[in-house]
Amino acid sequence: MTTPYKTIVRDGLWENNGVLAMLLGLCPAMAMTTSATNALGMGLATAAVMAASSMLVGMFRSRITQEVRIPVFILVIASMVTLVDLFMNAWMHELYKVLGMFIPLIVSNCLPLARLEAFAGKNSTLPSLVDGLFMGLGFTIALTLIGAVREVVGMGTLFADASLLFGPAFKFMEIRLLPDDTGILMMVLPPGGFLALGLLVVAKRMLDLRAGKAIQMGGAHSAA
Amino acid sequence: MKAQHVLRHGMILGTFCLGFGVVLAISDSITVDDIAARALEDRLNSLSQVIPASIHDNNLVADAITMKNELDKEITVYRATREGQVTGVAYEIFGTGYAGQMKLMMGVDTQGKILGVRVLAHKETAGLGDKMEVKKGDWILRFTDLSLGNPPPDKWKVKKDGGQFDQFTGATITPRGVIDAIRRGLELFAAHKEQMMDISTSKAPRKEAS
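Those sequence lines, one after another, are chains A and B.
Using the numbering used here, the letters of the first sequence correspond one by one to residues 1 to 224.
Using the numbering used here, the letters of the second sequence correspond one by one to residues 1 to 210.
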């Protein structure tokens, strides 16, 4: 049987998207999406952790017994998060100053754990890596979308301060769409996070319905 | 049989812990110097914004003492010297904003005149309270060159409270906290001027720290 990489990629990015379909990892999806730039940075850090931990679990899955799998998964995720934290602090310090306090929170994000339990624990190294990576990228896309909606409506800008995060070369990303002080500030505050997420989930389901697909109900259950 | 199982699971978990422990220890030893260097750069960077380079020729981080502020909290006081003469000091000040404590760094010259104030850390609302950050607005720059007598003490308030400082759009509590922190910081300097500027005390704690 050939590994259905195409399905894995599609699942991760759209069909089974961690935030928009499974509604997992909502804590960072709410807290870190006050701007598209922060959301993108947080998403990429999470994707790195997910790819690395999925690969490791896929690699060692035959050695991990049923009984101790959950502590081992958490150990793997926590170690990867610590590594990302250390390396980012040392070598990507500007990014670290923005994301630093949120990186430890990746440990408590249930999406990486859900993917280890649902996929990497049952599949070999390469498919697990692909699953972790694309689930992570799907998470990044969802977060960036939420962040973009909140930032445009709330502040009138898009990708503000992207050059602080990724370097001066990314100055071109910084766009002002609405005049200063015209935004609806609530969208940047916590209620706006729920509103933006809710509207995006609706948008995804409408697109799926239009394409004639059955809506997956039950959120997290589809992952387990 | 049962005990064997427990032992086996324990071994598996233990092996993973050991393995990742070693990986983390190695990574830590690789990055520890870089991380310390970055932290020092950050500190020097925030100090250079409140102490102009023209007034000192010393290493600000080296010539530092710790003392207790008015809230009995330990703060580090960095001293700027030029040719052995103290020309200014910089220290952390704390204010209460809308969402908890705000940490600022303030530099003052020997006369108690503000050289500069910058926000180091805060949890204020993005888009409202964060206009005190220098990269989001020039509000915080207005305090430069002011001192305890200028404006008079009862004017060290936001306009809403009868003072002379503008609050910014939509936020009063944040600027109120910042102004209060600055005023208390200046009072701290006025009360402990000798201790804060006494350069002879700086060498000892430095050796302990290094």
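By construction, these hints were calculated from the structure, which means they are not laboratory data.
It should be emphasised that the depicted structure is a prediction, and the values quoted were computed from it without experimental measurement.
Cβ coordinates follow ideal geometry from the N, Cα and C atoms, glycine included.
Some hints here could point you the wrong way.
With the Cβ distance kept under 7 angstroms, some of the chain A side facing chain B (calculated, not the full set) [what the hints assert, rightly or not]: (1) S62; (2) Q66; (3) I70; (4) L86; (5) D180; (6) T182.
Below, simulated PhoX-like cross-link-like pairs (lysine-lysine); rule was C-alpha separation at most 25 angstroms, straight line [unchecked claim]: (7) K97(A) / K160(B); (8) K6(A) / K204(A); (9) K97(A) / K155(B); (10) K136(B) / K97(A).
Verification of the supplied hints:
1. Because the smallest distance between the Cβ of S62(A) and any Cβ of chain B comes to about 11 angstroms, over 7 angstroms, the interface hint for this residue is violated.
2. Checking Q66(A) against chain B: minimum C-beta separation of about 9 angstroms lies over 7 angstroms; hint violated.
3. Below 7 angstroms, beta-carbon pairs count as interface contacts, and I70(A) has none with chain B, the closest being about 10 angstroms; its hint is therefore violated.
4. The beta carbon of L86(A) is positioned within 7 angstroms of a beta carbon in chain B (closest approach about 5 angstroms), and the interface hint is therefore held.
5. Residue-level restraint check for D180(A) is violated (minimum Cβ-Cβ distance to chain B is 10 angstroms; threshold 7 angstroms).
6. Annotation: T182(A) was flagged as interfacial toward chain B, and the flag is violated, the nearest CB pair being 12 angstroms apart, outside 7 angstroms.
7. A C-alpha spacing of about 34 angstroms is found between K97(A) and K160(B), which places the hinted pair above 25 angstroms, so the restraint is violated.
8. Only pairs whose Cα atoms come within 25 angstroms are accepted, and K6(A) paired with K204(A) is accepted, the gap being roughly 20 angstroms.
9. The suggested pairing of K97(A) with K155(B) is violated, with an alpha-carbon distance near 35 angstroms, which exceeds 25 angstroms.
10. For the hint linking K136(B) to K97(A), the alpha-carbon distance of about 16 angstroms falls within 25 angstroms, and the restraint holds.
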